[in-house]
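2 protein chains.
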Amino acid sequence: MFNFEDYAKSAFTVDNIIFGFDQGELKILLIKRGEPPYTNQWALPGNFVYPNEDLDAAAERVLGELTGLKDVYLEQVRTFGEVNRHPLGRVITVAYYSLVKIKGYNLKGTSPLSQKAKWVSIENATNLAFDHDQIFEACFRRLKRRVRTRPLGFELLPRKFTLTELQQLYEAILQPEKKIDKRNFRKKILSMKILVDLNEAQEGVAHRPAKLYKFDKKKYEKFVAEGFNFEI
Amino acid sequence: MFNFEDYAKSAFTVDNIIFGFDQGELKILLIKRGEPPYTNQWALPGNFVYPNEDLDAAAERVLGELTGLKDVYLEQVRTFGEVNRHPLGRVITVAYYSLVKIKGYNLKGTSPLSQKAKWVSIENATNLAFDHDQIFEACFRRLKRRVRTRPLGFELLPRKFTLTELQQLYEAILQPEKKIDKRNFRKKILSMKILVDLNEAQEGVAHRPAKLYKFDKKKYEKFVAEGFNFEI
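So the protein lines, in turn, are chains G and D.
Okay, so the first sequence: first residue is 1 according to the numbering used here, each after it adds one.
Okay, so the second sequence: first residue is 1 according to the numbering used here, each after it adds one.
A couple of the hints might just be wrong.
Because identical chains share one entry, a pair is satisfied inside a single copy or across any pair of copies.
Capping the alpha-carbon separation at 16 Å, the derived lysine to aspartate or glutamate pairs in EDC-like fashion look like this [to be verified]:
no. : residue 1 : residue 2
1   : Lys-178   : Glu-226
2   : Lys-32    : Glu-53
3   : Lys-101   : Asp-133
4   : Lys-9     : Asp-54
5   : Lys-218   : Glu-155
6   : Lys-193   : Glu-123
7   : Lys-222   : Glu-171
8   : Lys-179   : Glu-75
9   : Lys-9     : Glu-203
10  : Lys-101   : Asp-71
Read the hints as simulated data drawn from the structure, not as lab findings.
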């Protein structure tokens, strides 16, 4: 006989993978846990969903409480449900991800579960609590795949950027698999007509100032919706 | 004070969206429910995950029990967790999808939850139990998006097929948004060199027999892995 109570014994959480880009480095936002399990260990900003709370709402709330980040567009990536992934019992976790500009966020959470939040280079985002290494890897793989079929950068770069900065972003995501040829990259990205030449140059740099570009928002969004093939 | 028991009150299910293609029509596999809730109503083949069972394993088991389909490659699509989506309590569901050849499966489930399983044209897959209309729509949208960046057909068509059959498959997925021009479609698909001309013609057809093709498996898999842009 089916008895609902036999099944209604699981908890579920949300975990957020927030990518940012700064000084040529791809980073993710981690918290140092302030409560058990895994106290003092670095982890993805995640926590339990209230029994009467929608998943997407929970992802937003948890991210805000643990890191101070608000109004971030979170996209569901995948659900992780291995039987023994959580020490307290059966806990399914739904992973969300987002790409944001690092500048402009004040990392001040309100929850004691987070001692502090910090942007960490993806190379150093290892030995995380729970199965968070595995969750991070899955989300990073998704980002690497996405680079090939959707434009990228609008969410991660400052409004005005140089072609070198854009190439550094692609390299940070595609490494170590791919070294990008500068000439090919420029030819390809300019032929897509996704960039607007601002007729401005960088200021306050030691080297010869480079031209500044911004994205053509309409074209960018068209490519996001329809997909494309960016082979570099 | 955090108390795990306050959160460990949810159940979770898996729901499978199995697409097939037959006689020019795109279909999905539904079950007529044999048990409450929603007895006698059509639904996606889904059921509860055992507390000690992995998600992927549960999706496979449930599909087999309800429909008889075995050894199907299931891919996780998205998790649906609206607070009131299930009448018995808080139930999160993880949706899996697959593309299969309709022929060759004997629709014989073993679970009383399924009175019967049946391939249903996607136009008629409406008024499903729970929030299954919404889950189906989300998976169908994913399939429509995927057509633009990955090759399609290997999983759905017979081993030998005509260009007309391949075009019908694309039309069945992209309709009603898109009418496909025959000449453009053929030019585009042949230029990708993804098809092998078998130097055979159809047999036993009333009209002029068309040429038969099969997929070049290696090229097909390369495109699946790397993505491409199929604008038609």
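Inset, instruction - With 16 Å as the alpha-carbon cut-off, assign the pair Lys-9 and Asp-54 to within, between, both or neither. - result: between (18 Å within a copy, 15 Å between copies)
Inset, instruction - Please work out whether the CA atoms of Lys-179 and Glu-75 approach to 16 Å or closer within one copy, between two copies, in both situations, or in neither? - result: Neither. Shortest intra-copy (28 Å) and inter-copy (31 Å) distances fail the 16 Å Cα cut-off.
Legend entry - Status of Asp-133 relative to Lys-101 across identical chains (alpha carbons, at most 16 Å): neither (23 Å within a copy, 36 Å between copies)
Inset, instruction - First find the shortest C-alpha distance between Lys-218 and Glu-155 inside one copy, then the shortest across copies, and answer within, between, both or neither for a cut-off of 16 Å. - result: Answer is within; shortest intra-copy Cα gap is 14 Å, inter-copy 35 Å.
Legend entry - Intra/inter-copy verdict for Lys-32 and Glu-53 if alpha-carbon distance must be at most 16 Å: Neither: 25 Å inside a copy, 30 Å across copies.
Inset, instruction - Have a look at Lys-178 and Glu-226 and pick one of within, between, both or neither, based on CA distance no larger than 16 Å. - result: between (25 Å within a copy, 13 Å between copies)
Legend entry - Within, between, both or neither: Lys-101, Asp-71 at alpha-carbon 16 Å: Intra 12 Å, inter 44 Å, cutoff 16 Å: intra-copy only.
Legend entry - Intra- versus inter-copy proximity for Glu-123 and Lys-193 (alpha-carbon distance at most 16 Å): neither (33 Å within a copy, 39 Å between copies)
Inset, instruction - If the cutoff is 16 Å on CA atoms, where do Lys-9 and Glu-203 land: within, between, both or neither? Let me know, please. - result: Neither: 59 Å inside a chain and 58 Å across chains, both beyond 16 Å.
Inset, instruction - Please work out whether the CA atoms of Lys-222 and Glu-171 approach to 16 Å or closer within one copy, between two copies, in both situations, or in neither? - result: Neither way: Lys-222 and Glu-171 sit 24 Å apart in one copy and 22 Å across, limit 16 Å.
The structure does not agree with the numbered hints 2, 3, 6, 7, 8 and 9 stated previously, though it agrees with the rest.
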